[in-house]
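Q: Here's the letter readout for the chains.
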Amino acid sequence: MTRRPKYAEPDSLETVAGNGLLHRRLFLSRGAALLGAGGALLTARPAAAAPPEVPASMKTPGAPLSGYGERSPHEASVQRAAAGQPGAPGTGSSRTPLESLEGIITPSSLHFERCHNGVPDIDPAEHRVLIHGLVERPLIFDLDALSRYPLVSRIQFLECSGNSAALNGAEPPQQTAGGLHGLVSCSDWTGVPLAILLDEAGVKPEGKWLLAEGADAAGMSRSVPLAKAYDDAILALYQNGERLRPSNGYPVRLFLPGYEGNMNVKWLRRIKVTAAPTMTKDETSKYSDLQPDGKALLFTFPMEVKSLITSPSGMQKMRGPGLYQISGLAWSGFGKIRRVEVSADGGKSWGEAALDEPVLSKALTRFRMAWRWSGGPSVLQSRAIDEHGTVQPTRATLLAARGPQFRYHYNAIQSWSVAAAGDVSNVYA
Amino acid sequence: MRSAGLVSALLCAWCGVALAQPAKKHPAGPNLGVPATSEQVAGWDVSIAPDGAGLPPGSGTAAQGAAVYASKCLACHGENGAGKPNDQLVGGQGTLGTPNAVRTVGSYWPYATTLFDYIRRAMPVVAPQSLSNDEVYALTAYLLSLNGVIPDDAVMNATTLPKVAMPNRANFVSAYKKP
Chain Y
1 MTRRPKYAEP DSLETVAGNG LLHRRLFLSR GAALLGAGGA LLTARPAAAA
51 PPEVPASMKT PGAPLSGYGE RSPHEASVQR AAAGQPGAPG TGSSRTPLES
101 LEGIITPSSL HFERCHNGVP DIDPAEHRVL IHGLVERPLI FDLDALSRYP
151 LVSRIQFLEC SGNSAALNGA EPPQQTAGGL HGLVSCSDWT GVPLAILLDE
201 AGVKPEGKWL LAEGADAAGM SRSVPLAKAY DDAILALYQN GERLRPSNGY
251 PVRLFLPGYE GNMNVKWLRR IKVTAAPTMT KDETSKYSDL QPDGKALLFT
301 FPMEVKSLIT SPSGMQKMRG PGLYQISGLA WSGFGKIRRV EVSADGGKSW
351 GEAALDEPVL SKALTRFRMA WRWSGGPSVL QSRAIDEHGT VQPTRATLLA
401 ARGPQFRYHY NAIQSWSVAA AGDVSNVYA
Chain A
430 MRSAGLVSAL LCAWCGVALA QPAKKHPAGP NLGVPATSEQ VAGWDVSIAP
480 DGAGLPPGSG TAAQGAAVYA SKCLACHGEN GAGKPNDQLV GGQGTLGTPN
530 AVRTVGSYWP YATTLFDYIR RAMPVVAPQS LSNDEVYALT AYLLSLNGVI
580 PDDAVMNATT LPKVAMPNRA NFVSAYKKP
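These protein sequences, in sequence, are chains Y and A.
Using my numbering, the letters of the first sequence correspond one by one to residues 1 to 429.
Using my numbering, the letters of the second sequence correspond one by one to residues 430 to 608.
No wet-lab data here; the hints were simulated from the structure.
Everything numeric in this text was worked out from a predicted model, so none of it was measured.
Possibly wrong hints are sitting among the right ones.
[As the list claims (entries may be wrong)] Computed Cβ-Cβ distance ranges for the label pairs, DEER-style:
{"hint": "1", "chain 1": "A", "residue 1": "Gly526", "chain 2": "Y", "residue 2": "Gly103", "range": "38 to 48 Å"}
{"hint": "2", "chain 1": "A", "residue 1": "Pro608", "chain 2": "Y", "residue 2": "Pro173", "range": "50 to 60 Å"}
{"hint": "3", "chain 1": "Y", "residue 1": "Tyr428", "chain 2": "A", "residue 2": "Lys607", "range": "31 to 41 Å"}
{"hint": "4", "chain 1": "Y", "residue 1": "Gly241", "chain 2": "A", "residue 2": "Ala457", "range": "20 to 30 Å"}
{"hint": "5", "chain 1": "Y", "residue 1": "Gly18", "chain 2": "A", "residue 2": "Ala599", "range": "49 to 59 Å"}
[Unchecked claim] Pulled from the structure, derived: some chain A residues nowhere near chain Y, Cβ distances all over 12 Å:
{"hint": "6", "residue": "Thr490"}
{"hint": "7", "residue": "Gln493"}
{"hint": "8", "residue": "Ala496"}
{"hint": "9", "residue": "Asn509"}
{"hint": "10", "residue": "Ala511"}
{"hint": "11", "residue": "Pro557"}
{"hint": "12", "residue": "Ser561"}
{"hint": "13", "residue": "Asn562"}
{"hint": "14", "residue": "Asp581"}
Every residue gets a Cβ at the ideal spot worked out from N, C-alpha and C, and that includes glycine.
Please work from the sequences and hints to get the whole structure.
A: This is the structure we're talking about:
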């Protein structure tokens, strides 16, 4: 790799694609210092504590210590966007504000929520998990027992298969990145490999599927192939190091890496080993994929390769021409992200983005790209390629393949328009 | 052909070895599960298979279901299952291959058993699991008859419900392929 001079003039930076995209090497060496943090680019800076004034925080003792941390009150506006249903405020979803976050871990308090009849209040001392059906020994586990099993931790994304579905509409909805795509989050999940528990129960040879059921007021239930249960499924007890949040399944949820969110049954109370799928309401009438010819696909489990730019993104405003860092997220339910490409000219030319380490299987991957914005109208896009070489499709390609009626598994390239005045909006390009 | 047969035999032998010694990725557990009695399992096992396994005793008709629907379902699902504010349950037949597909119990759902399973576990939304099995059978009959799937006077029970042929069932295809 060629070393670049330490203090290059911005005009001498190497461009890799049209409309000012700069070489990703910038972010592997001195790029950060030159370009500044992506999150700061759209924020006005207060001047009260600027030199030569000494900040008030240095002249008085600070707040006392606390048992459980709170974020700065100045960050209180960073919220999930929640939407319930009429007459059922606990049915619906809240979305992660992707445009306000960095890195790959979603704070547990901002992890997206999807509930089918509210968040149950469960006392872990009372909770039980029953494994039965086509097993030699039906077994009941309490939380104390589960906590003594061998645990594994993995950083992995969770995405609702209804994420981004609004992009299927005729007109591009004007929302933030999180408002459009915020039904995806990424956590460090810790739990018991389901295979261990199934082995103890002794799955009979005719057992090929399992039914997972939650202890919520919807009795949420989904069928899961036994092969997935034995591959990498866990009964998750911890999220980002602490016990699960109530809206993410406290005290125990099924976690199926890479599979659509609805299958990752929260408040798990029962696993029934079956010979065939149970054909529950959610897997048949809801999370099935209606095709243009009227046929419907059942069991489209993995979430496909996908990415979006989170900064700059919809509803934000750029503050004048100059150097910016484009930042975004990529993921695939089939494995690792191999490569992310970014375009600043609506897909005419592409440059390879830098990927933050670690790049993990079935996890969010952060990508970055240096961009010298000329101040002219631009269309920003990102395109992810996963380890199997699968390329994220354009919106036109996706709609042509799936027709106008599909609701789930929208994974098309997101286009953000940057107007000359700096306003960023959602466009179909 | 002979050499191909030989290769197959060798592959089968190799498969046999592989199957006999599956590579376990997970460690053994401490065996802390408590054996569940059949009574305990029966109390929790509410899921209904497409072949009807798990359906409880009881029965109901569309006429009986109409009365239950009026008092417990209509506010969310509208007159005659027309929907609003929540899901439309009736109609939509013939729309699936069009740009304005309407998915209802009658136009879309592939299995009648799912209807019983879901109503019993999750409806009405303000009081799940408050309906008797007879009421659930009656509501199931009501919605199926409104959709023209069963005659108005049909009795739904553990024997008749699994035999109901949902009109859209043949249009469902599994996309899952075992790795």
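Q: Now tell me if each hint is right for this structure.
A: Against the structure, the hints come out as follows:
no., hint, in the structure
1, Gly526/A - Gly103/Y: 38 to 48 Å, "holds, 45 Å"
2, Pro608/A - Pro173/Y: 50 to 60 Å, "violated, 37 Å"
3, Tyr428/Y - Lys607/A: 31 to 41 Å, "holds, 37 Å"
4, Gly241/Y - Ala457/A: 20 to 30 Å, "holds, 26 Å"
5, Gly18/Y - Ala599/A: 49 to 59 Å, "holds, 50 Å"
6, Thr490, "holds, 23 Å"
7, Gln493, "holds, 22 Å"
8, Ala496, "holds, 21 Å"
9, Asn509, "holds, 19 Å"
10, Ala511, "holds, 15 Å"
11, Pro557, "violated, 5 Å"
12, Ser561, "holds, 17 Å"
13, Asn562, "holds, 15 Å"
14, Asp581, "holds, 23 Å"
Violation of the numbered hints given earlier is confined to hints 2 and 11; the remaining hints are satisfied by the structure.
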